[in-house]
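Construct all of the structure, not just a fragment, from the sequences and the given hints.
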Amino acid sequence: MKHLFKTVFAALLLAGLPAPVRAGSGGGGVGINLASPVDWSTAQPFLDLMKTSRPWIGHGADEWEVMNWEEMAAQGVFDDHGWPKVIPPGVSSVGTLMLTDLPEDTAGVAGRYLLRWEGSGEVEVGLGAQNVDYGAHSARFDFAPGNGPVHVVIRTTDPEGTGDHVRNMTLVREDRVALHAEGAVFNPDWLALIDGFEVLRFMDWMETNDSTLAHWEDRPEPGDVSYRLNGVPVEIMVRLANELGAEPWFTMPHLADDDFVRRFAETVRDGLDPDLRAWVEFSNEVWNWIFDQAHWADAVAKRTWRRDPRWIQIYAGRASEVADIWAEVFGAGADARLMRVIATQTGWMGLEQEILNAGRWVSKGKGRSAPGLHFDAYAVTGYFGGHLAQGDRVGPLRVWIAESRAAAEAEADRQGLTGAARADYIEAHRFDAAVARAAAHLAGADGPAKGVHDLPHLVDTLFPYHANIAREWDLELVAYEGGSHVVGGGEARDDDALTEFLVHFNYSPEMAELYRQMFEGWKAAGGGVFAAYSDVARPGRYGSWGHLRHLGDSNPRWDALVAARDGRR
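Be aware that the sequence shown starts at 129, since it is given in the numbering used here, and climbs by one per residue.
To be clear, the hints were calculated from the coordinates, so they are not data collected in a lab.
Fair warning: there could be bad hints in the mix.
[Said to hold, decoys possible] Below 35 Å or equal to it, Euclidean Cα-Cα: the simulated DSBU-like pairs (lysine-lysine) are:
id	residue 1	residue 2
1	K578	K651
2	K492	K430
3	K430	K578
4	K430	K494
[Said to hold, decoys possible] Restraint ranges, calculated between C-beta atoms of paired labels, are given here:
id	residue 1	residue 2	range
5	R644	D233	23 to 31 Å
6	A568	A201	51 to 59 Å
7	E456	M477	28 to 36 Å
8	W476	H265	51 to 59 Å
9	D346	G291	22 to 30 Å
Even for Gly, the Cβ is constructed at its ideal location relative to N, Cα and C.
Structure follows, in structure tokens:
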């Protein structure tokens, strides 16, 4: 691919014409990672909410769960698409949840809903579902966020034993039923927000981390009851890319065999708009020991090389094989239609040498070559601020927050405010000084220090370092994830007051300014596509990863991302 682009570039220069700026060639395109489509998602990407429903739960007469999905699956309870064929012994009903525990301010979800199904059986709707009206194979109900999840329960199914079990259930907001009937798949409110991003990374949609998928016959399919278990089907991801004119970035499961990889690639080749490139990466962060894929690589390395096992070279070697399968499938069109990605841990400078060279792996197989020669792009992250609420930094941060509130109280007193006016002022300004202090720290005000992941470290050290590596290997520098990594760590996660501040800071104008500086640094390093993490998600103790908190959100951090996307840095 890079060779074709260089040829076109040279030809245009000779003709006196301007060369095109394409994603990943230093043009600085912006992509987005799509958040997991879970039952508590505030993104609501699908019109049919069954596609984000929780795996079936086996309820007892007086117990919420007497049998989980795995146990029921082992008993053969489900058909090929996940619909319960029977209610197993010891289980009184089988249920699932949707629209789970959404905050009251979650936009785009309130309304009247229509649940429909095929087959014989008794279905009930409860918990957050209000004003339920049952009809033939249907139920209508009202829902408003803040009232708990919607609970759909199958009490009986296929009572005559004819195979006509409850199945093909859909849950669609009533004002979207006609759109769904026309064949639409995606929520137009969500589509409008992600339209314009050059690349859509599907790591979370594919349930890549800890994936158990190995064989093509076990893949998720469009007709599955939910996409929660094994991820979103490739056909649906390709459809989204085509509808938006965005390039899809797939992350292949680490256990996937060659047949799975080949047939996945064939599906993409045949279904994706030929004007769009497919990005392919093997798994995700195989260096990261919190994920099963790292332990898989370690186990394979120990079986392969009992002495001096190099787990990261197993990653590099298998990634090369996967990239080669995709290139073989795409054939003569591979250079124009593929972007093959190899990734490293950004802060572990030097690890990339083992990944790109993988000398031990190369020497142990006939015809092997350095993995770096098999790819088009070299991927890093663009995260900053991960240290701010971790370890020894938590104490000083709490002091900043306390001092900030004291400053707001003092200013309220100086203004002569009392009663409700004083309380309102303090509530509105209690984080002001702490936000300014934290932003200054992340901008480098306290100077470099060990373990400090501020912006200067990212843009002045890490970006240039990896840009040089990319140039050495004739690869395009891209970011597979990036943005704010400001989140509490360890016991700090249990500090509600600290979490409240971190969430506030993540969506502040000061954070937006840090983003502007981050993108300027990325551009200066010659970076290509920067895939921010992620689109829409509810913030909380485990992070503020969504650049939007819900579909109706608007905040400075999102505005900064969109400005970079649209070339308005």
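Each hint, compared with the structure:
1. K578 with K651: OK: K578 and K651 at ~26 Å, within 35 Å.
2. K492 with K430: holds (14 Å)
3. K430 with K578: Measuring from Cα to Cα gives roughly 32 Å; hence the hint holds.
4. K430 with K494: holds (20 Å)
5. R644 with D233: 23 to 31 Å: holds (27 Å)
6. A568 with A201: 51 to 59 Å: holds (53 Å)
7. E456 with M477: 28 to 36 Å: holds (33 Å)
8. W476 with H265: 51 to 59 Å: Cβ of W476 to Cβ of H265: about 56 Å, so the range 51 to 59 Å holds.
9. D346 with G291: 22 to 30 Å: Given range 22 to 30 Å: holds, Cβ gap about 23 Å.
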